[in-house]
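The residues making up each chain are set out below.
There are 8 protein chains.
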Amino acid sequence: VSDPDFIADLEREARTGFPEVIFGQGKTPEQVAMIGARILEVSRRLLVTRASADQHAALAAAHPGATWHARARAVTVGHDATPRRGCVSVVCAGTTDVPVAEEAALTAEMWGAEVVRLYDVGVAGLHRLLERRELLRDCRAHVVVAGMDGALASVLGGLVGEPVIAVPTSVGYGAAFGGLAPLLAMLSSCAPGVTVVNIDNGFGAGFAAGRLNASFERLLARRDGA
Amino acid sequence: VSDPDFIADLEREARTGFPEVIFGQGKTPEQVAMIGARILEVSRRLLVTRASADQHAALAAAHPGATWHARARAVTVGHDATPRRGCVSVVCAGTTDVPVAEEAALTAEMWGAEVVRLYDVGVAGLHRLLERRELLRDCRAHVVVAGMDGALASVLGGLVGEPVIAVPTSVGYGAAFGGLAPLLAMLSSCAPGVTVVNIDNGFGAGFAAGRLNASFERLLARRDGA
Amino acid sequence: VSDPDFIADLEREARTGFPEVIFGQGKTPEQVAMIGARILEVSRRLLVTRASADQHAALAAAHPGATWHARARAVTVGHDATPRRGCVSVVCAGTTDVPVAEEAALTAEMWGAEVVRLYDVGVAGLHRLLERRELLRDCRAHVVVAGMDGALASVLGGLVGEPVIAVPTSVGYGAAFGGLAPLLAMLSSCAPGVTVVNIDNGFGAGFAAGRLNASFERLLARRDGA
Amino acid sequence: VSDPDFIADLEREARTGFPEVIFGQGKTPEQVAMIGARILEVSRRLLVTRASADQHAALAAAHPGATWHARARAVTVGHDATPRRGCVSVVCAGTTDVPVAEEAALTAEMWGAEVVRLYDVGVAGLHRLLERRELLRDCRAHVVVAGMDGALASVLGGLVGEPVIAVPTSVGYGAAFGGLAPLLAMLSSCAPGVTVVNIDNGFGAGFAAGRLNASFERLLARRDGA
Amino acid sequence: VSDPDFIADLEREARTGFPEVIFGQGKTPEQVAMIGARILEVSRRLLVTRASADQHAALAAAHPGATWHARARAVTVGHDATPRRGCVSVVCAGTTDVPVAEEAALTAEMWGAEVVRLYDVGVAGLHRLLERRELLRDCRAHVVVAGMDGALASVLGGLVGEPVIAVPTSVGYGAAFGGLAPLLAMLSSCAPGVTVVNIDNGFGAGFAAGRLNASFERLLARRDGA
Amino acid sequence: VSDPDFIADLEREARTGFPEVIFGQGKTPEQVAMIGARILEVSRRLLVTRASADQHAALAAAHPGATWHARARAVTVGHDATPRRGCVSVVCAGTTDVPVAEEAALTAEMWGAEVVRLYDVGVAGLHRLLERRELLRDCRAHVVVAGMDGALASVLGGLVGEPVIAVPTSVGYGAAFGGLAPLLAMLSSCAPGVTVVNIDNGFGAGFAAGRLNASFERLLARRDGA
Amino acid sequence: VSDPDFIADLEREARTGFPEVIFGQGKTPEQVAMIGARILEVSRRLLVTRASADQHAALAAAHPGATWHARARAVTVGHDATPRRGCVSVVCAGTTDVPVAEEAALTAEMWGAEVVRLYDVGVAGLHRLLERRELLRDCRAHVVVAGMDGALASVLGGLVGEPVIAVPTSVGYGAAFGGLAPLLAMLSSCAPGVTVVNIDNGFGAGFAAGRLNASFERLLARRDGA
Amino acid sequence: VSDPDFIADLEREARTGFPEVIFGQGKTPEQVAMIGARILEVSRRLLVTRASADQHAALAAAHPGATWHARARAVTVGHDATPRRGCVSVVCAGTTDVPVAEEAALTAEMWGAEVVRLYDVGVAGLHRLLERRELLRDCRAHVVVAGMDGALASVLGGLVGEPVIAVPTSVGYGAAFGGLAPLLAMLSSCAPGVTVVNIDNGFGAGFAAGRLNASFERLLARRDGA
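Chains B, A, S, E, F, X, W and H supply the protein sequences, listed in that same order. Positions 1 to 226 (this note's numbering) are the ones given, in order, by the first sequence. Positions 1001 to 1226 (this note's numbering) are the ones given, in order, by the second sequence. Positions 2001 to 2226 (this note's numbering) are the ones given, in order, by the third sequence. Positions 3001 to 3226 (this note's numbering) are the ones given, in order, by the fourth sequence. Positions 4001 to 4226 (this note's numbering) are the ones given, in order, by the fifth sequence. Positions 5001 to 5226 (this note's numbering) are the ones given, in order, by the sixth sequence. Positions 6001 to 6226 (this note's numbering) are the ones given, in order, by the seventh sequence. Positions 7001 to 7226 (this note's numbering) are the ones given, in order, by the eighth sequence.
In case anyone wonders, no lab produced these hints; they're calculated from the structure. For each residue, glycine too, the CB sits at the ideal point set by N, CA and C. Honestly, I wouldn't trust all of these hints.
Taking beta-carbon pairs under 10 Å as the criterion, some of the chain E residues facing chain X (in silico) [claimed, not checked]:
id: 1; residue: Glu-3011
id: 2; residue: Glu-3020
id: 3; residue: Phe-3023
id: 4; residue: Gly-3026
id: 5; residue: Lys-3027
id: 6; residue: Pro-3168
id: 7; residue: Ser-3170
id: 8; residue: Gly-3178
id: 9; residue: Asn-3198
id: 10; residue: Ile-3199
Chain B is nowhere near these chain A residues, computed Cβ spacing over 12 Å in every case [stated by the list, open to error]:
id: 11; residue: Ala-1053
id: 12; residue: Ala-1070
id: 13; residue: His-1079
id: 14; residue: Ala-1081
id: 15; residue: Arg-1085
Restraint ranges, calculated between C-beta atoms of paired labels, are given here [what the hints assert, rightly or not]:
id: 16; chain 1: F; residue 1: Arg-4038; chain 2: S; residue 2: Thr-2082; range: 32 to 42 Å
id: 17; chain 1: X; residue 1: Ala-5053; chain 2: E; residue 2: Ala-3057; range: 26 to 36 Å
id: 18; chain 1: E; residue 1: Arg-3222; chain 2: X; residue 2: Leu-5130; range: 25 to 35 Å
id: 19; chain 1: W; residue 1: Ala-6070; chain 2: X; residue 2: Arg-5085; range: 42 to 52 Å
id: 20; chain 1: X; residue 1: Thr-5067; chain 2: H; residue 2: His-7127; range: 28 to 38 Å
id: 21; chain 1: X; residue 1: Glu-5131; chain 2: E; residue 2: Ala-3221; range: 26 to 36 Å
id: 22; chain 1: F; residue 1: Glu-4011; chain 2: A; residue 2: Asp-1138; range: 44 to 54 Å
id: 23; chain 1: B; residue 1: Arg-218; chain 2: H; residue 2: Leu-7135; range: 11 to 21 Å
id: 24; chain 1: H; residue 1: Ala-7014; chain 2: A; residue 2: Ala-1014; range: 52 to 62 Å
id: 25; chain 1: B; residue 1: His-127; chain 2: H; residue 2: Ala-7014; range: 17 to 27 Å
Based on the sequences and whatever the hints tell you, model everything.
See the structure below:
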């Protein structure tokens, strides 16, 4: 199997710190396996998001270490072997937001971050978050995942002093318009400095948080090396 | 001055409990004075919303008791004479929401409600609301006024046991799209039972809250009369 | 079966008067049964909206009193045992609006309200509503359910003196845009004081009406207790 | 003054029954006068919509019979000289809809129709329309002008047996979105057979109603001639 | 089988000239048969739009004369027995618009109109329409059905002197946005007096054209009777 | 006067065939003069679009040959000195589209094209275009400028065999939504191969047509040189 | 099999240089075969876009030369027999854009153009395009196919001196809104002169590029013939 | 002057690292001075965004050190006194984006960051950015400001290994829809990990970048202190 149209961006890891990531949706298992193989020639890490069990099977045939993450709907190679330094949080509002939250958490872990997960702390029962906020103390960045009104991003954004990255989800119906309601609300957050990624884009938020943490680690290493 | 096209709905107070209200915007002072006069023939109360000082002057010429409410941009007749029974709250997120909040408060007062005002308690500084929530204890309904992310509606909706009516405001810019962001967020509130009125429609929310309170009073009176 | 991500908001009934409600859609029967069990540890009432027969079966295995309401697509525990005091109406425009109307009615009943149902009285045949309006006389609030042009909300809003809560439905096609047309129309209602909930959100409207009624009952009890 | 870019469609009256109409907005008085003069070379009727007093003055300099219609914001030549046969109605919801309604009425009159005007009969006070519906009995078509929720179109559409043409207006604020709310509602009317023109397009609706009436007169003439 | 929620609007034929019409989509065959039976108690005509073969079968069991119209996806009773007087046209742009065009044509026939069908005359090959325009000469109204750019409505609207009713269809893809492109284009038609119905609403356009024709016939009859 | 933030892209003419163009709107006369001066150091041509008379004056002070084009709202240097080879057309629907059409024509002339202007040939009077189509015979590309329904693009696209570039204009009101209606219609044109530029972007269309013509000339020169 | 509603535009090839094209989606294999046969009576070329294997089979039964192009989802007759003169490029951003890119390439080939394909050169790895730009040197036009942010159109548009036609694709999720994001971005491209076709409309872009190339060949032929 | 409705969130600096910021737009000079005074009682820093010269004057009367930043349209107290440690970049596409870029830069400086400004490097002249990318090497985060197609965010996002925060601006016209085009494009960026703030929200992006840098400095201080 080969795809003449695929030009792997093999220098990406050197340039940006992370190898090319495969967006599984809409690709055949063969395409995923072929592209994955090419990336693994130049990197020890591989991440396939929006993956299927079939895609995992095709990859695992060649790379027995390919792992299937059901809740995050993702496949990884090298997830456990990546050393963890520094910590970020992933906070989500309801149980239906969990797949997106897990995608974020897994991506941050692939970047080498410890992840504090704090799920089901939506603002309709505010005490759930307030009672647990100490858990977030040592995190260098926070990913907030919420659908419907997206209000959790503003509430958290008013409580912490680290970067907050908000992910609107397509949870909710009617005038939530497939995630448009929380997207607009998060972009209009009354808590300053909240930044936003695309609807359901747990990967993007986890990537941003993980990159931030890795970028801190690199700076610390440079400082310590001096 | 007379407007042959205006058919006053003079039975409205008997039918719905409140006389016809004049929406001032886009009307000349003469039109407002003429319509106001016709309503005051059959009612002791008059409310002009989105009014101008000129409209107030035109009305005050004939009705010296016509009062100008600058913050609510409204004119009333009979505001002080209306006896107050029962209480509702008007809660708002920021200082720029105050004109809409005042329109709501004034309208509820015209229906005969006491109004507890709680302003500038946006969720980016959550403690401001939490420390003052006792003030809301005796209210029969709550009007929440917020722009930007509209998150205050969900937070309050999770704290109280009475009807919550949310008013999105056109405060905010960019992707707030003139109030669309808080409108969609409030319609998608994760706190169940929050109902919503149009953008900047403080009048509508105050009307709903005031009518609810008046309707309670009517029931209480009927009960006590039995 | 257990879901470590679910943090039950067990104080919600004490705080707001109603236990946490399960939104069935997108949850497995096992999740619904597990969450339901946890809620029933602290409450005698349970409501699952957007439920499936499978979810009912999973719940009924542990709680034989779990009832399936086909028209409302909901499961309840404690529906019949909840005493009814006070009355609200649910009015709808056409037969296709009935599932949403039934969800509203059932939710209000779970809050302890009697419900007057008035269905298929759309404004294209106005006499159907006008001839039956006496039925609404003793209601403390009205839920209006309508798709297409949503005009029923304005017509009813001009006829009654109690709170009106409008539910736009996704009934209609083309430029009704999945409920957007009646949503915007209801938000722009020419009858003042109409409040609105999300598209197809019968639950939200029934919750608001039921809470309003319960809140009035509480007031009466306090008054009578004094 | 001459405009080399203007190619008058001088056969339009022969082809469609009405001479070219000038949309005044955005044109200079000179342009209007020049185009008007060219049309009046081949027709005895002239209609300028969205006109200004300046444009009227420029036209009246050459054509003393040019009349200014303030409420319709239009200029006509030949309005009074056009014989009236057959009748159509123009019904509107509120006083702020009157300019659009007048534009419709004037246009229909220019086509030779008698116009029954029925203004300020919005559905929040339904009795106003119901008590006057006899006035509409002899009309061959009805133009309904309404902003906000546009509900009047559906209510009237369910009461009459003749063609109904609905005009949404940009009256209303917030989620009325400059007329989008009544536009969508009218397109989704539950009364079958209602047709719709653009927001604030009183001219288009009056044109359609007038053309319909003229087309029927032509038919009668042909029949009587046979 | 019976549906307690259905209140037949049995006076509708007397009031508006046409019996209630059943919108088949989303109804069970039993519901259609039951509602159809109730309408046929008071009328000799029945029209079911957006119908299925199953719904036809259920109706035909009781009413052998119930006819299935595959291209229009409709069921009728009394279609052939309705006498035809006067004529309207249905013009469409492409073969994919035919189902909507047929729904319009059938509905107009049920109102008693002869229908001239002129299909597949889109403006990209303008000569097809220009060569056939004589066929439209005796029509009292024209229904134009077009998707994509909706340009046919403007072209036809500039050629004829009778009422033009435009139906946008959901034909086209991408930025046609399910019919939004032709809907907006038709509402903004540069040919004055074009009126518009909802996307894919062939029924509404046929109803309007048929009612117009019937209303002409009624006037002619009254005239001839005088 | 100097603007340290402006980095002139001085190689652009070599790379793409045309020097950098200044978008005048929102810039001060000084900024325009400064940027213009820097461009004229490396090119003999300068084009300022959306310019004001003040900007022209500032430029003309240093470059007496700077010309003001009132109808196109543009300033040029070197317009008359640019030799014209090959021809393109600019066709527009109504007189209000002329400023956008002129911007397109001027831009194409700056690229060295002869321009055939055909204005005021909207489809509501189709014969105006059909009678003049011979004028377009020798053009290598056609720019079509139209607002409202944008139908002219489809009609012309079906008549010619050369590239057609459509420019929607913000002419029209209500549901034309500032040019959205013709934009969507043109993107959905039933005439294949029509390409589209942004609303009111006469510059972009003239640029594309001019570049196409220049690119033809370059090829011809290369061929002739071989 | 015959379709009385289909009026073949048999003069289209003479008028515009290309025979009528069949849009396969939503047509039965029989309809495609019937329409295809009628077109092949007057042309040697046939193109069916958005085709299915079944439609290919139905056509191939009568025309053994009918070829199935799986990646472009299209059927052609006469593809190989069409002589190729001149060259255009098709450039795309990612592997998921390939079907749209192939539709563009095939259509341009049917017009007689050589096609340079350059796939998977999205701007997140800019060097891929920069290193290969020499391949584009001899092309007369460029088709750029990209989803998500559509940025490739602007980057390429700043690098070349020939016409650039951009095709937004529905690749991407969330706020890409089915291709709306790249559509708006391409319409707003900062590289002047980029023109745009509808979302996923590879056919339209290939048609425009192919027609441009053919139109230049015609010019050369005329020149050489002189 | 005093505003009883303003509840200063005086603990915000302790909680989140930055004192409350005043959004100047829509506030009177008196309100700004009053709120500013209250904030300066508990903090040494003050930032007023979207400020006017009048607001600056009112503040400067009491606080002579209040500085006016014309390009950023902002007022600061303590800007120069804030020690700078660590560096972030602000990159923008065109000269019209500069006010938003300056707002971002100033805000980051108020958080204590050095700011590398790189302006006017839009992707239509890609070499401008590529030649200067070394300037960005030591930055800990990048703010990208761009209107129109927003493509700069994706291009930069593919070149660097640190957090990228994108700000869409309302620069551009027509289908840029006041910044919607770059907003959607940036949310859909093909460069992973780009996060986005609201349209024109330079403040938000600068706040996020500044907070990120400060948060890293805190980490370093803690590390060094250990």
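Hints and how they fare:
no.: 1; hint: Glu-3011; verdict: holds, 7 Å
no.: 2; hint: Glu-3020; verdict: holds, 8 Å
no.: 3; hint: Phe-3023; verdict: holds, 8 Å
no.: 4; hint: Gly-3026; verdict: holds, 5 Å
no.: 5; hint: Lys-3027; verdict: holds, 7 Å
no.: 6; hint: Pro-3168; verdict: holds, 8 Å
no.: 7; hint: Ser-3170; verdict: holds, 8 Å
no.: 8; hint: Gly-3178; verdict: holds, 8 Å
no.: 9; hint: Asn-3198; verdict: holds, 4 Å
no.: 10; hint: Ile-3199; verdict: holds, 3 Å
no.: 11; hint: Ala-1053; verdict: holds, 32 Å
no.: 12; hint: Ala-1070; verdict: holds, 26 Å
no.: 13; hint: His-1079; verdict: holds, 32 Å
no.: 14; hint: Ala-1081; verdict: holds, 39 Å
no.: 15; hint: Arg-1085; verdict: holds, 31 Å
no.: 16; hint: F:Arg-4038 <-> S:Thr-2082: 32 to 42 Å; verdict: holds, 36 Å
no.: 17; hint: X:Ala-5053 <-> E:Ala-3057: 26 to 36 Å; verdict: holds, 27 Å
no.: 18; hint: E:Arg-3222 <-> X:Leu-5130: 25 to 35 Å; verdict: holds, 30 Å
no.: 19; hint: W:Ala-6070 <-> X:Arg-5085: 42 to 52 Å; verdict: holds, 44 Å
no.: 20; hint: X:Thr-5067 <-> H:His-7127: 28 to 38 Å; verdict: holds, 31 Å
no.: 21; hint: X:Glu-5131 <-> E:Ala-3221: 26 to 36 Å; verdict: holds, 32 Å
no.: 22; hint: F:Glu-4011 <-> A:Asp-1138: 44 to 54 Å; verdict: holds, 51 Å
no.: 23; hint: B:Arg-218 <-> H:Leu-7135: 11 to 21 Å; verdict: holds, 19 Å
no.: 24; hint: H:Ala-7014 <-> A:Ala-1014: 52 to 62 Å; verdict: holds, 58 Å
no.: 25; hint: B:His-127 <-> H:Ala-7014: 17 to 27 Å; verdict: holds, 22 Å
When the structure is compared with the earlier hints, no violation turns up for any of them.
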